[in-house]
Amino acid sequence: MLRALRLSLAQMNDAPFKRVVWLGLALALALLFAMYAALLLVIQLFVPDTLSLPLAGEVQGLGTLLSLGSLVFMLVLSVFLMVPVASAFTGLFLDDVADAVEARHYRHLPPAPRASLWATLSDSARYFVLLVGVNLLGMLVFVISGGLGMLALWLLNGFLLSREYFTMIALRRLPPAEARALHRQRLLRLWPAGVVMAMLLSVPLLNLLVPVLAAAVFTHLYHLGEARQRRSS
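The end of the sequence shown is residue 233 by our numbering, with every number in the run present.
Think of the hints as simulated: they come from the structure by calculation, not from any bench.
Warning: the hint list may mix true and false statements.
As the list claims (entries may be wrong) - Restraint-style ranges between C-beta atoms, simulated for each label pair:
1) Leu2 - Leu205: 51 to 59 Å
2) Arg114 - Ala152: 18 to 26 Å
3) Leu40 - Arg114: 17 to 25 Å
4) Ala15 - Leu205: 16 to 24 Å
5) Ala38 - Ala227: 31 to 39 Å
6) Pro110 - Gln229: 16 to 24 Å
7) Arg19 - Leu45: 33 to 41 Å
8) Pro192 - Phe46: 16 to 24 Å
9) Leu140 - Phe33: 20 to 28 Å
10) Arg104 - Gln185: 21 to 29 Å
11) Leu9 - Ala38: 21 to 29 Å
12) Arg104 - Arg189: 19 to 27 Å
13) Glu178 - Ser232: 16 to 24 Å
14) Pro175 - Ser232: 16 to 24 Å
Ideal placement from N, C-alpha and C gives every residue a C-beta, glycine not left out.
Produce the entire structure from the sequences given, and follow the hints as far as they go.
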């Protein structure tokens, strides 16, 4: 894993990587702001601007207060939602990152076929829904456990991210059944890498770069694993 991480970090300044980083950054921020706008709309529709409270009397500006508070809430929520947000765009750009990694480090390989747009969008949507549910549940566990639930959330997200990234990389060169079987076979090597990516995704601002880094890391992990298997056979 350390070698894969080192090689990926060394390539982050390549033009294809930077292009995907900026495009993914724009789309991720757009999705987060859309979610914030939806929350703000719900507050403005259902919370009155003035409210009469016992003893306190009439309280004004409640909607504005909650709207400002919702901004802080969304900043905290983004720590949990960046995992599904990042994953939503993984499939859209994964081929570009994997192609760049293979062109630099694995030039002996033939070009990998690209997945269809429909397959890419459906896979991204499926993982997004799954990860939103997992991370909202994780946020609840985090609150009621005094923060200890973050470790469980990293472990669970690490498993899901390793499965998603590695399987999508493997699908570029293997049938679906073989790609899933390969992930199960190498799970103990892949899971720690997924946990590291999940931890980085919990860091605001840095988490916007992680999808590209993760795609590169798991591309290396796939090919390094293939090379190790050939040497041992």
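Here's how the hints hold up against the structure:
{"no.": "1", "hint": "Leu2 - Leu205: 51 to 59 Å", "verdict": "violated, 24 Å"}
{"no.": "2", "hint": "Arg114 - Ala152: 18 to 26 Å", "verdict": "violated, 36 Å"}
{"no.": "3", "hint": "Leu40 - Arg114: 17 to 25 Å", "verdict": "violated, 38 Å"}
{"no.": "4", "hint": "Ala15 - Leu205: 16 to 24 Å", "verdict": "holds, 22 Å"}
{"no.": "5", "hint": "Ala38 - Ala227: 31 to 39 Å", "verdict": "violated, 47 Å"}
{"no.": "6", "hint": "Pro110 - Gln229: 16 to 24 Å", "verdict": "holds, 19 Å"}
{"no.": "7", "hint": "Arg19 - Leu45: 33 to 41 Å", "verdict": "holds, 39 Å"}
{"no.": "8", "hint": "Pro192 - Phe46: 16 to 24 Å", "verdict": "violated, 44 Å"}
{"no.": "9", "hint": "Leu140 - Phe33: 20 to 28 Å", "verdict": "holds, 24 Å"}
{"no.": "10", "hint": "Arg104 - Gln185: 21 to 29 Å", "verdict": "holds, 27 Å"}
{"no.": "11", "hint": "Leu9 - Ala38: 21 to 29 Å", "verdict": "violated, 35 Å"}
{"no.": "12", "hint": "Arg104 - Arg189: 19 to 27 Å", "verdict": "holds, 22 Å"}
{"no.": "13", "hint": "Glu178 - Ser232: 16 to 24 Å", "verdict": "holds, 18 Å"}
{"no.": "14", "hint": "Pro175 - Ser232: 16 to 24 Å", "verdict": "holds, 22 Å"}
In this structure, the earlier hints numbered 1, 2, 3, 5, 8 and 11 are contradicted, and the remaining ones agree with it.
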